[in-house]
Structures are given as structure tokens and as C-alpha cells.
Amino acid sequence: MQQLTDLVARAQADAQGMPSRRVIPIAPALPLTAGEEEVARILQICNACRYCEGFCAVFPAMTRRLDFGNKADTHYLANLCHNCGACLHACQYAPPHEFAVNVPQAMARVRMQTYHDYAWPPAMGALYRRAGLTVALALAGGLALFLVLAVAMSGSLMHEPMAGNFYAIFPHNLLALVFGAVFLFVMLALAMGVRRFWREVSPANDPQNAPDLPGVRGGASVEAAHDALRLKYLDGGHGEGCNNEDDRFTLWRRRFHHFTFYGFMLCFASTCVATLYHYLLDLHAPYALTSLPVLLGTAGGLGLLIGPAGLLWLNLRRDPAHGDTAQRPMDRGFIALLLLTSLTGLALLAWRDTRFMALLLAVHLGVVMALFLTLPYGKFAHGIFRSAALLKFAIEKRLPSRLQLGAD
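All residue numbers for the sequence shown refer to the working numbering, where the first residue is 1 and numbers rise by one.
Be a bit skeptical, because a hint or two may be false.
Here are the simulated SDA-like cross-link-like pairs (lysine to any residue), alpha carbons at most 25 Å apart as the crow flies [as the list claims (entries may be wrong)]:
hint, residue 1, residue 2
1, Lys232, Arg254
2, Lys71, Ala126
3, Lys71, Ile45
4, Lys71, Val101
5, Lys232, Phe55
6, Lys71, Phe55
7, Lys71, Phe99
8, Lys71, Ala34
9, Lys379, Arg195
10, Lys71, Leu32
11, Lys379, Gly142
Honestly, the hints are just simulated from the structure, not real lab data.
Can you build the whole structure from these sequences, using the hints too?
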């Protein structure tokens, strides 16, 4: 910041001696928050040491910079960090050293800040940041109660078995309209958030990179997608996994993330296939237990049961030094909604031919709606930002270094 101020002062002084030249005033950079300043301080130390250079993508990206005094770099590197904890236990300057270098914790705090900074609309991001678990459970409970009351007022929560015909409770067109609107809102909110993030950190912001970008985007996109889908950087940089409650390595965090992500995608695929069945093939629900939509949904539901349960178990046991404890309510709110979505969905499948189907359907739909409405403001959004950071890293490392030092 002081360097920028000095440059502005010099430019103004030069302009006073050259009245015929028009000087465009330079707007000062936005001041860093306390969390961003801590990331900048730590990375200056790490950039001098470089012991952890081979651990993950953060450190090679770090070495392409000499200064970390701008928001774009701190936001980019914070979202590139996978919070595996390996660098904390390898660091000779970690607490109780007076340098107090704790990369995972500092990055986690700035990463949580980005969820709020780029959230759309911003008020929702601020609310979810302050009370993620409360908001998630209250929203799920409120929507489920509303739907239960709607069913009770229009008929009966206890009824004769309907052979799993959900549309006898809620008409298909009504469900398609309501959930279609929710889905479009979620897509818009996520797109607005990641657009703002990408415009800030994109390599295209550097004019030196502009001529080379078209030639590297294709390969970089493939690499970023490959790394994101494999969760490459949850292996601790050595293939043995993350640290959780102590300095022992474990691959369970990576495995539970895979169960969660691919379980979610299988459930989404089930919905997409059912939509194709309904509109293209004129095959209407309920579908047999051996049908493709039910098989995909069952597999996804089991994945969303195993993955979030495992992540919650790890989260409860994790050493506070490995992350930001203020972020835990938000993390647990998302995990709770995933678990409730899976539990209510599997219960609905198991008892869809019973007199409890209407009650189970109302509860499940309320939980699913709450899950989708909160997706842009928590851990799901972090997955989107992290994928964008991986794409920037894949592009950046294919471009010549701007530092031009040594072998560069």
C-alpha cells in the first residue's frame, strides 16, 4: 500500500512540472482485511522458505509472485488451498514459533470471507455466514412444516396406499414449476458469484498474458476438471492423505468427499433421467424399483448417507489448528442438510407404498428445497470457487512467469 501511495505522489509531482501532459489519477487499492493481511504475511515467509513447494498447488502458484498485498491473489490462493493440513505439520515456523505460520487456518478464514464477498444476493451470504447451521435447519424445518400443513389442509396426511404415486399428493406441474424456479435461482446465484470471483482473479487481467491465453485454455480446462473430479490435492502432496486430529495421514477425508460429490451427482442424474422419461418417452412416475431413475437415486442416496456422515465424524474430531472454527456451523449446516436429504429420500422410497407416503413426501421436498436454496452460500459454493481457482492455476502455469528470475 505504501509503495502505491509513493507512486501516486511521484506521478503528481511529475505532473506539476509538466503541465502540458494529462495525468490519469490512480485509484488506491482496496485495503486488506485482517484475514487477508495474515495470508499476505504468512506467504511472504513461505515464499522465502519454500520447503512445502511440492505439497499442493498453492505453493507453486505462490512462487510466481513476490508480493501478496492485493485481494485478488489472497482470494485466489485461499480457494486453491484444499485445507489438507500437511504444510502445518511440516512447517518449522508453525506455532509455537514466533512466526506463527499456519497456512491452513489463515487460508480457511479468507476462504470463508470469499463466500460472503461474492455471494448473490449479498444479504443471504452474510446471514448464512453468521448462522449457517441455524439457517439450514430452520429453513428445512419451516419448508417441511409448510408442505405438511398444505397436505393436511387439502386432504389427509394418513391415507390409503397409493402405489407410490407422488403426483396424487402434489401435481407434477406444480412440482416442476416450484423446483424449476428454485433451480433457476440457484444457478443464477452461483453464476453471479463465480463470475465476480473469476473477473477478479482471471489471468486475462494481466495484459502480458492476453496473446497466449487462447492457446492454453483448452488443455488447462481439461487438467482443472481432472484435478477437481479426482480431488487431487486432498492427498496431502504425497499420496497418503490429509491430517485430521493430529499429524497422522488419512485418506478418509478424500473418500468421504467422493461419496458426497458423486452421491449428489447420481441423485441429480436420477432427476434428469426421470424428466426425460416423463417428457420424451411419456413414461410417468411411479417407476419400478429396478428402473434407471430409482437405481440412480438409490445409489446417490446411499452415497449422500455415507459421505456426509463420514465428513461430520471427521469434522467433530478435527484439530482446531487445521482450519477456522468459526466456519464449523456453516460446514455442519450443509452436512446436516445433505444427511437429511438422503435419510428422508431413502425413507420415502422404502415406505412409498404405505399410508405414510404423503407425510414423508412433504418432509423430503421441504428438506430438498432448503438444500438447494442454501447451495450458493456455503460449502457447495466453495467447490465452484475452488474449481475456478484450479482453472486459473492450470492456465497460469502454462504461461511464462512474469518474474523472469533465474531459469524463468
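Here is how each hint holds up against the structure:
1. Lys232 to Arg254: holds (9 Å)
2. Lys71 to Ala126: Holds, because 19 Å separates the two Cα atoms, which is no more than 25 Å.
3. Lys71 to Ile45: Between lysine 71 and isoleucine 45 the Cα gap is close to 18 Å, so the pair holds against 25 Å.
4. Lys71 to Val101: holds (20 Å)
5. Lys232 to Phe55: Satisfied, since the Cα-Cα distance of roughly 11 Å is no more than 25 Å.
6. Lys71 to Phe55: Holds: lysine 71 and phenylalanine 55 sit about 23 Å apart, inside 25 Å.
7. Lys71 to Phe99: Given pair lysine 71, phenylalanine 99 holds - Cα atoms ~22 Å apart, limit 25 Å.
8. Lys71 to Ala34: Given that 25 Å is the threshold and the Cα spacing comes to 12 Å, the pair holds.
9. Lys379 to Arg195: Roughly 17 Å between the alpha carbons, so the hint for lysine 379 and arginine 195 holds.
10. Lys71 to Leu32: With a Cα-Cα distance of about 7 Å, the restraint between lysine 71 and leucine 32 holds, given a limit of 25 Å.
11. Lys379 to Gly142: holds (22 Å)
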